[in-house]
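Colleague: Each chain, letter by letter, is given below.
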Amino acid sequence: MLELTKVSKLFNPGTPNEKIALMDANLKLNPGDFVTVIGSNGAGKSTLMNIISGVLKPDVGEVRIAGEAIHHHPEHARSRWIGRVFQDPMAGTAPRMTIEENLTMAYKRGQRRGFGWGATAKRRAIFREQLQRLGIGLENRMHAKVGLLSGGERQALSLLMSTFTKPQILLLDEHTAALDPARAELITRLTDEIVRDMKLTTLMVTHNMEQAIRLGNRLIMMDKGRIILDIPQEKKADLTVAQLLGEFERISGHQLSDDRIVLG
Amino acid sequence: MLASIYGAIVLGLLYALMALGVYITFRILDFPDLTVDGSFVTGGAICATMISNGYNPYLATLAGFAGGVIAGICTGLLHTKGKINGLLAGILMMIALYSINIRIMGSPNVSLLNIKTVVSPLLDEKIGVYIAVAGVAVLLIKALLDLFLHTDLGLALRATGDNARMIRSFGANTDRTKILGIGLSNGLVALSGALLAQHGGYTDVNMGVGMIVIGLASVIIGEAIFGMRRVWIATLAVVVGSIVYRIVYALALRVEWFDSSDLKLITAVLVIIALVIPQVRRAMKQKSVARKRTLELLGQSAGKGGRA
Ligand SMILES: Nc1ncnc2c1ncn2[C@@H]1O[C@H](COP(=O)(O)OP(=O)(O)OP(=O)(O)O)[C@@H](O)[C@H]1O
Ligand SMILES: [Mg+2]
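In the order they appear, the protein sequences are chains A and B. Numbers in my numbering are just positions in the first sequence, counted from 1, shifted up by 11. At position 57 of the second sequence (counting the first as 1) the number is 39 in my numbering, and the numbers step up by one without a gap.
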């Protein structure tokens, strides 16, 4: 479904500040794969996500979705295949527009936008039904400006917006990191439900080790721009956090250092 | 007195289209576009030149609108594709348009006296009729704009100013929506220029000076009166703001020790006050909340300390 071949990315190449963000990364996701990604600060996790979504262009290497090479497509063109939720709850929604209007824009993900009426009655009915699935009462506030919602509510809405049109790839970059534990738990639960229900091919960066093990069917570890370990379902099932950290140290030769780390 | 207020209402309605244009760039796109001073004249120049050369006045007015759209698109291209800072892109276009406008007219000004224009039949009518016709026309354009801003494309345009990253992640080409918005904005500005040229009976290359500040003042006055809760309220506020501005202007002209040349200063001061007050208010509110909260926290820890 998603295939990265020999992808590399340098920042500030040829200067004293040169930074290897991604080095010769190879990754292949099968349809329906739900892969969690862990790694130290600066390991290149966000860079990986940004290269897939088109925010960054790889210096070398290819990105393919369903066989089609997409690494030359601009960010907005890739939205046809890719849904995203950002770490910052403010980033995924338009605050001065209503819930309904935000959902309308998400509904048209990757399609041509023309002079057709936005929030039609038919679409609104779909939105209401979808909002009910979140179970946090947003279906009764469809005319509210999104800026009035709490961080958790906004993130739940972002999650819905990026998934309900069934993208071929879903990218989640620490999308619960900015929330308090209770809200983070809610978003994690919703993510798990939605991804499994819709069988979305998903790449999820997390700093919560317990979550990385519990969720999904695969776990990859990154360090210094490389993918250093890829743990399949069978091995992941009875992995403990201690084992996971031990494994990281064994391969990388240093401790996993993540300023937002949560062991679970 | 009353006659001058009626006259101000007419002017306010004609200038309202310019203010709606400014609203699109400043408030919706969050793009401070200074093209306005030039494109306002471009609308008047194209329209007046065509009419004085015998073209149909309606066609000439439409052509004025189109000229503004093109000017706006150029600014948008400079900013998005040329990666030129937004303010500078607008200023560059404004300067370029000064020469272009003189080229269009063939001289620094064109007179339309005693020529049939779109508004000339209204000038002969009672002022009430003029107000009614202009009011309906402006509200119609406002309504079309409201409708557009609720279409899929219009939503993408609004989101571009609100959260560009978000709407890009849903597939909108934000360069294109910006160019579209700036083009539409300057089209309205130029349309306003075309109508005012016909109303006044001439176009002068300097008639756009300070237009951007007048547009901003109208937007801000409207906001202060109505707020901007929903799109249709915001656009109505802009129209009313423009009328109020013209009435204040007319009244100020009657004050003896004012010169009409002082009005640009007064407008600038008005805009400055309107921009500064909300910030000061916000800062003061934040401080008082912070202080209250600190005292609360202090009280809590003191309480705990007492018990321990
Ligand atoms: N725009 C940029 N310019 C220069 N260097 C950058 C830029 N973006 C990222 N980097 C560097 O590239 C490396 C990889 O960054 P990236 O954001 O992908 O890490 P990460 O794994 O997401 O880290 P974190 O856990 O802190 O989110 C880091 O060393 C970072 O400092
Ligand atoms: Mg990151």
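A couple of the hints might just be wrong.
What the hints assert, rightly or not - Far from chain B, some chain A residues (derived; all Cβ distances over 10 Å):
| # | residue |
| --- | --- |
| 1 | 30 |
| 2 | 53 |
| 3 | 87 |
| 4 | 103 |
| 5 | 107 |
| 6 | 112 |
| 7 | 120 |
| 8 | 124 |
| 9 | 129 |
Unchecked claim - List of simulated lysine-lysine pairs, BS3-like, C-alpha gap at most 25 Å:
| # | chain 1 | residue 1 | chain 2 | residue 2 |
| --- | --- | --- | --- | --- |
| 10 | B | 65 | A | 68 |
| 11 | B | 63 | A | 156 |
| 12 | A | 235 | A | 177 |
| 13 | A | 156 | A | 39 |
| 14 | A | 39 | A | 68 |
| 15 | B | 246 | A | 156 |
| 16 | B | 267 | A | 68 |
If you're looking for bench data, these hints aren't it; they were derived computationally from the structure. Just so you know, even glycine gets a beta-carbon here, dropped at the ideal spot from N, CA and C.
Colleague: Could you run down the list of hints and mark each one as holding or not?
Modeller: Quick rundown of the hints versus the structure:
1. Every CB of chain B is more than 10 Å from the CB of residue 30 of chain A (nearest about 22 Å), matching its label as outside the interface.
2. At roughly 22 Å, the least C-beta separation between residue 53 of chain A and chain B is larger than 10 Å, which holds for a residue marked as non-interface.
3. Here residue 87 of chain A does not stay apart from chain B, with its beta-carbon only about 5 Å from theirs, under the 10 Å limit.
4. A cut-off of 10 Å between C-beta atoms contradicts the statement that residue 103 of chain A is not in contact with chain B; the least separation is 6 Å.
5. Separation of residue 107 of chain A from chain B is inadequate, the least Cβ-Cβ distance of about 5 Å not exceeding the 10 Å criterion.
6. In this structure residue 112 of chain A is not separated from chain B by more than 10 Å, as the shortest Cβ-Cβ distance comes to only about 6 Å.
7. Listed as outside the interface, residue 120 of chain A is inconsistent with that label: its C-beta sits roughly 5 Å from the nearest C-beta of chain B, within the 10 Å cut-off.
8. A beta-carbon of chain B comes within 10 Å of the beta-carbon of residue 124 of chain A; the shortest separation is about 4 Å.
9. A beta-carbon of chain B is positioned within 10 Å of the beta-carbon of residue 129 of chain A; the least distance is around 5 Å.
10. For a cut-off of 25 Å, the pair hint linking residue 65 of chain B to residue 68 of chain A stands: about 19 Å separates their Cα positions.
11. As the CA atoms of residue 63 of chain B and residue 156 of chain A are separated by approximately 32 Å, the hinted pair breaks the 25 Å bound.
12. Pair hint residue 235 of chain A plus residue 177 of chain A does not hold up; C-alpha atoms about 32 Å apart against a cutoff of 25 Å.
13. Using a Cα cut-off of 25 Å, the hinted pair residue 156 of chain A and residue 39 of chain A is violated, with the two alpha carbons roughly 39 Å apart.
14. For the proposed pair residue 39 of chain A and residue 68 of chain A, the alpha carbon gap of about 18 Å is at most 25 Å, so the pair holds.
15. Restraint check for residue 246 of chain B and residue 156 of chain A: the C-alpha separation of about 36 Å exceeds 25 Å, so the hint is violated.
16. With a C-alpha separation of about 44 Å, the suggested pair residue 267 of chain B and residue 68 of chain A falls outside the 25 Å cut-off, and the hint is violated.
Hints 3, 4, 5, 6, 7, 8, 9, 11, 12, 13, 15, 16 from the list above are not met by this structure, while the remaining hints are.
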